[in-house]
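Trainee: The sequence shown runs 498 to 694 under the numbering used here.
A couple of the hints might just be wrong.
Here are the computed lysine to aspartate or glutamate pairs in the DMTMM-like style, where the Cα-Cα straight-line distance is at most 25 Å [as the list claims (entries may be wrong)]:
1) 521 x 548
2) 517 x 572
3) 667 x 626
4) 640 x 622
5) 615 x 630
6) 560 x 613
7) 651 x 613
8) 687 x 626
9) 687 x 650
10) 640 x 626
11) 615 x 659
12) 643 x 690
13) 611 x 625
14) 643 x 607
Note that these hints are calculated values from the structure, not bench results.
All values reported here derive from a predicted model rather than from experimental measurement.
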Amino acid sequence: MSESLAAVQSNCNKSAEPRKPLSKKTRFDVFKRDGFKCQYCGMNPPQVTLEVDHIVPVVAGGKNTMSNLLTACFDCNRGKGATGLTCIPQTVTDMAAMKLERLEQLKAYDRLLKREQKFFQGQVDQVEEVFRDYNKGFSFNEKFRKSVALFIEKLGVQGVCEAMRIASFKSNRNGAEGVCKYFCAVCWTKIRETNAQ
Numbered sequence: 498m499s500e501s502l503a504a505v506q507s508n509c510n511k512s513a514e515p516r517k518p519l520s521k522k523t524r525f526d527v528f529k530r531d532g533f534k535c536q537y538c539g540m541n542p543p544q545v546t547l548e549v550d551h552i553v554p555v556v557a558g559g560k561n562t563m564s565n566l567l568t569a570c571f572d573c574n575r576g577k578g579a580t581g582l583t584c585i586p587q588t589v590t591d592m593a594a595m596k597l598e599r600l601e602q603l604k605a606y607d608r609l610l611k612r613e614q615k616f617f618q619g620q621v622d623q624v625e626e627v628f629r630d631y632n633k634g635f636s637f638n639e640k641f642r643k644s645v646a647l648f649i650e651k652l653g654v655q656g657v658c659e660a661m662r663i664a665s666f667k668s669n670r671n672g673a674e675g676v677c678k679y680f681c682a683v684c685w686t687k688i689r690e691t692n693a694q
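Construct the complete structure from the given sequences, taking the supplied hints into account.
Mentor: Here is the structure:
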């Protein structure tokens, strides 16, 4: 008996504390996250007026954090009152799981892009090695590396290495710059020939 009285007094003391109001931005963020739809009945404006509800009521120590807030219509929120939820509505749980899944997919995609970029850089390095065999002391600048990567995408690394060998052999007396120009001409010619077939 005294334990239940203490619990009631504790709840009364909690409710006596001033309730911190939610900002308009927080309310809008909750509505936006929940698709401007009541998470209990699924209704949305203009059929209902939306409010922000606490999953764990303020009188029970619930905070104004996004994880403790959800969108409810006026009727559902008033019907629930200060009763805590035994479980979060499925739509909120699904949304959280979906966001987590999306985040994991983005991380995996980012890792894939980095591996792919490293792979392509390795292929550009192969073409640069062929270039250096004929043009000692020279290397590609970043702009030219991008051009080589484009050619590799269109012709494959072996075709581009072969184009560099041809350019280096036929145009080596014109210096490194002449080799690069001739190389680009060979690659574009091969691309046009491939597209014509």
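Trainee: Tell me, in ascending order, the numbers of any earlier hints that this structure violates.
Mentor: As far as the earlier hints go, only 6 is violated by this structure.
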